[in-house]
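> Knowing the structure of chain A, use the given hints to seat chain B on it.
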Amino acid sequence: MVEENKNIISYGKYIISWITLILLVVLQVVLGGVNLGANSNFISLLLSSVAAFVIISVYMTDRSNKFISNIFKGTIVAEILIVVLLDLLI
Amino acid sequence: MEFLESIILPQSAQRIELLSYLTTISYMILLPYLALLFGSTLLSCMFNARGKSHQNTHYIKLSKDLISLPAFNIYASLGIVLLPIFTLMFAYSQIVQVSALLVFDNLFYTVFLLVPAIALVYIFKQSFELQEISNLVNKTKEESSNRNAEFSIYNKKIFMALTNSSRMAVYLLFASSYILIAAIKLMSDTSSLAETTTLSDMLFCESTILSFLYFLSVSFALTSVVALFVYFKPNSYYEVSNRKYADTIKRFFLNTAMIFVLVQPIVYAIDVMLIPKAALSSSIFGISAGVLAILLIISSLLYHMIKYEELKYRGIVLLLFIGLFALLAAKDQAAFNTSSQLQVKKVIKAYEAKTVEVKEQLGLE
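Line by line, the protein sequences give chains A and B.
Residues in the first sequence are numbered consecutively from 60, following this note's numbering.
Residues in the second sequence are numbered consecutively from 16, following this note's numbering.
Worth flagging that the hints you see were computed from the coordinates, not collected in a lab.
It is possible that some hints are incorrect.
Claimed, not checked - Below 25 Å or equal to it, Euclidean Cα-Cα: the simulated SDA-like pairs (lysine to any residue) are:
#1 B:Lys361 - A:Val93
#2 B:Lys364 - A:Ile115
#3 A:Lys132 - B:Lys361
#4 B:Lys327 - B:Leu310
#5 B:Lys248 - A:Ile68
This is chain A alone, in the form it adopts within the complex (with noise of 0.2 Å):
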């Protein structure tokens, strides 16, 4: 018997993630012109951050292995909470 594919994505959803990761890119090159100081490697990692947590969790999610996907997801979630901590010590 033939399994049923767990891993079929709409095309709605490639769309928005798509143009999410448009939208972040265009803040970021838009933000490398204001000067914010000592806030500026933390937004711009956060924002990386925020479109590697896209792509992860849309991209490279394998329903049939929850294990797996929760790994790579949770690695992201650890990095947003070292820049975050990071840019809290410095």
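Positioned in the frame of chain A, the structure of chain B alone reads:
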């Protein structure tokens, strides 16, 4: 917002050009989504009220279907609305520097209207689902009268949540869209930036009111076209399950799209006539010709679909609407580029002076 002066750096000519392209991309994404959000919320609220007063289940079902169109994921909705607004705020403040202070302030306040509006749209959508569950419980002929009484209170609360959230969402979306359109209109005529000092100057001028009317007509037409595209996919639920309901909504959306597409050329022509001389250029007229051509093609296709009661062009019409929004975004940006030339020259001069100063400090010259 005095901090703006200290954080915005003077920009080079190449970077200003890049920022101009990025603002166009932001408009191309923000305006269609905001139009869809506003149009579908307003129509949904209207059908919900009509369904309640006429006790018509088709209207209530249509109201629920309409609100599901823009409300697919709350984080995605917030991202699609907030990221372009932040982009516009910082991009404009870099291109025309402190002259854009009023626009920066108002776009910032718009965020505080849009976030609750989106949250209310999702509450409205969730309330529909809760109401369905509550109706199911009432249908199961529960013996206990206490439970029936409990559910009648629960039903009333859901009804209140539905009515209040939809109304508040419409009011907030109306206010935020109006302020956003006013800000875009003000930026497309930077010569009037010095004279416009208060919020009322920005909001209550004829060009803003007319642009908002145009936005309204586009939002209703776009909502209808998106609804036709989403609901009438081959073998979709609407095609197969309920023929009478499908025919009703097909007729309603085709007629609504047609009416609001036919209104657009008139409003657009008056809108172009109100563009100040300082913002006029050959590209504005070229874009206007493109907009009118697209509207002509859309109206012909809609007429064909109404006449032959078929929907085979609904995909092409949606694609043409995306093209229409791209042209509208390009038009606003072209008007801004033309009218802001003097401010841009000042910014480039400041950039060159700053470059010389930095080079001298580093001992390079």
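> None of the hints should be skipped; say for each whether it holds.
Verification of the hints:
This hinted pair checks out: lysine 361 of chain B and valine 93 of chain A have alpha carbons roughly 18 Å apart, not beyond 25 Å. As the CA atoms of lysine 364 of chain B and isoleucine 115 of chain A are separated by approximately 44 Å, the hinted pair breaks the 25 Å bound. Restraint check for lysine 132 of chain A and lysine 361 of chain B: not satisfied, since their Cα atoms lie roughly 47 Å apart, outside the 25 Å limit. At most 25 Å may separate the alpha-carbon atoms for a hinted pair to count; lysine 327 of chain B and leucine 310 of chain B meet this at roughly 18 Å.
With a C-alpha separation of about 17 Å, the suggested pair lysine 248 of chain B and isoleucine 68 of chain A falls inside the 25 Å cut-off, and the hint holds.
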